[in-house]
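**Q** My request is simple: use the sequences and hints to build the entire structure.
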Amino acid sequence: MAAQPFKEEHKLLKRIAEGDERAFSQLFDNYYRTLADFVFRLTGSLEVAEEIVQEVFVKIWEKRDELLKIKKIGDYLFILCRNRGVSYLRQRARDYMRLRAYAQSEINEIELENHHLARTERLYVIIEQAICALPSQQQKVFRLAKLNHFSHAEIANQLSISVETVKKHMKLALRSIRESVKENEYAINSILILFLWFFSCM
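Here the sequence shown is numbered in UniProt numbering, starting from 1 and rising by one per residue.
These aren't lab readings, by the way, just hints derived from the structure by calculation. Predicted model, so just to flag it, every value in this text is computed and none were measured. Treat the hints with caution; some may be incorrect.
[Claimed, not checked] In silico BS3-like links for lysine-lysine, alpha-carbon gap of 25 Å or less:
(1) Lys7 - Lys63
(2) Lys7 - Lys72
(3) Lys59 - Lys69
(4) Lys7 - Lys71
(5) Lys11 - Lys63
(6) Lys11 - Lys71
(7) Lys14 - Lys59
(8) Lys140 - Lys168
(9) Lys72 - Lys14
(10) Lys7 - Lys59
(11) Lys69 - Lys7
(12) Lys63 - Lys14
(13) Lys171 - Lys140
(14) Lys59 - Lys72
(15) Lys140 - Lys167
(16) Lys14 - Lys71
(17) Lys168 - Lys182
(18) Lys59 - Lys71
(19) Lys69 - Lys14
(20) Lys140 - Lys182
(21) Lys69 - Lys11
(22) Lys140 - Lys59
(23) Lys11 - Lys72
(24) Lys59 - Lys11
(25) Lys171 - Lys182
(26) Lys182 - Lys167
**A** Here it is in structure tokens:
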């Protein structure tokens, strides 16, 4: 169901600006599903879409004293969601490029014959698919550790979990990735050994 503009939108925004939580709930309930559907079509992930929309509304509440400057709140919400969705897609692209970069830096140390190149490209895909198949929290921990080079303590602080929980997620993630890669016929070569050694290092 599409969101409907409020008849007295300015009054509603004024109430929110004054800290009226009930008015804020009205705004949230009216736009949440439409915005989530919009971001889902953009990112292809329901979980990401819901997270982005929630973050946008948190921002709206935190900066509620500026709401009266907004002419059309619906348009404003869609712009915020669109911008965050695009930022998410850009970050995923950067993550993929980092994955390719570190893999290529390792592979360059080995003298590969031409027929190995096709397997290398396939291995990139296998690893990325294995990462994407991880549970959400494991995937976040793994990407922060391996792609952003965060320490266990930094990851724990970022995700508001304990260091021990970070270690547990990392251990489970590495195990799942190893199993996924081992199941693929392209993995039976010296490149696999190199990758698994890298994934095991903390």
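**Q** For every hint, state whether the structure bears it out.
**A** Evaluated hints:
In summary, the hint linking lysine 7 to lysine 63 is supported, as the alpha carbons are separated by about 23 Å, within the 25 Å threshold. Simply put, lysine 7 and lysine 72 have alpha-carbon atoms about 12 Å apart, close enough for the 25 Å limit, and the pair holds. Taking the CA atoms of lysine 59 and lysine 69, the gap is about 15 Å. The hint holds against a cut of 25 Å. Using a Cα cut-off of 25 Å, the hinted pair lysine 7 and lysine 71 holds, with the two alpha carbons roughly 13 Å apart.
Annotation: proposed proximity of lysine 11 to lysine 63 holds, straight-line Cα distance about 17 Å (limit 25 Å). Restraint check for lysine 11 and lysine 71: the C-alpha separation of about 12 Å stays at or below 25 Å, so the hint holds. A hinted pair counts as satisfied when its Cα atoms are at most 25 Å apart, and lysine 14 with lysine 59 qualifies at roughly 16 Å. Proximity of lysine 140 to lysine 168 is assessed by CA-CA distance (about 13 Å); at most 25 Å being required, the pair is judged to hold.
Distance restraint check for lysine 72 and lysine 14: the Cα-Cα separation of roughly 13 Å lies within the 25 Å cut-off, and the hinted pair is therefore satisfied. At most 25 Å may separate the alpha-carbon atoms for a hinted pair to count; lysine 7 and lysine 59 meet this at roughly 23 Å. For the proposed pair lysine 69 and lysine 7, the alpha carbon gap of about 17 Å is at most 25 Å, so the pair holds. As the CA atoms of lysine 63 and lysine 14 are separated by approximately 13 Å, the hinted pair is consistent with the 25 Å bound.
For the hint linking lysine 171 to lysine 140, the alpha-carbon distance of about 13 Å falls within 25 Å, and the restraint holds. Taking the CA atoms of lysine 59 and lysine 72, the gap is near 16 Å; set against the 25 Å cutoff, the hint holds. Taken as a hint, the lysine 140 and lysine 167 pair is honoured in the structure, with Cα atoms around 13 Å apart against an allowance of 25 Å. Only pairs whose Cα atoms come within 25 Å are accepted, and lysine 14 paired with lysine 71 is accepted, the gap being roughly 12 Å.
Annotation: proposed proximity of lysine 168 to lysine 182 holds, straight-line Cα distance about 21 Å (limit 25 Å). Using a Cα cut-off of 25 Å, the hinted pair lysine 59 and lysine 71 holds, with the two alpha carbons roughly 17 Å apart. The straight-line distance between the Cα atoms of lysine 69 and lysine 14 is roughly 10 Å, inside the 25 Å bound, and the hint therefore holds. Annotation: proposed proximity of lysine 140 to lysine 182 holds, straight-line Cα distance about 22 Å (limit 25 Å).
Proposed proximity of lysine 69 and lysine 11 is supported: the alpha carbons are some 13 Å apart, at most 25 Å. Distance check on the hinted pair: lysine 140 and lysine 59 sit about 22 Å apart at the alpha-carbon level, within 25 Å; holds. Distance restraint check for lysine 11 and lysine 72: the Cα-Cα separation of roughly 12 Å lies within the 25 Å cut-off, and the hinted pair is therefore satisfied. The straight-line distance between the Cα atoms of lysine 59 and lysine 11 is roughly 20 Å, inside the 25 Å bound, and the hint therefore holds.
Straight-line distance between C-alpha atoms of lysine 171 and lysine 182 comes to about 17 Å, which keeps the hinted pair within the 25 Å bound. Of the supplied pair hints, the one linking lysine 182 and lysine 167 holds, its CA atoms being roughly 22 Å apart against a limit of 25 Å.
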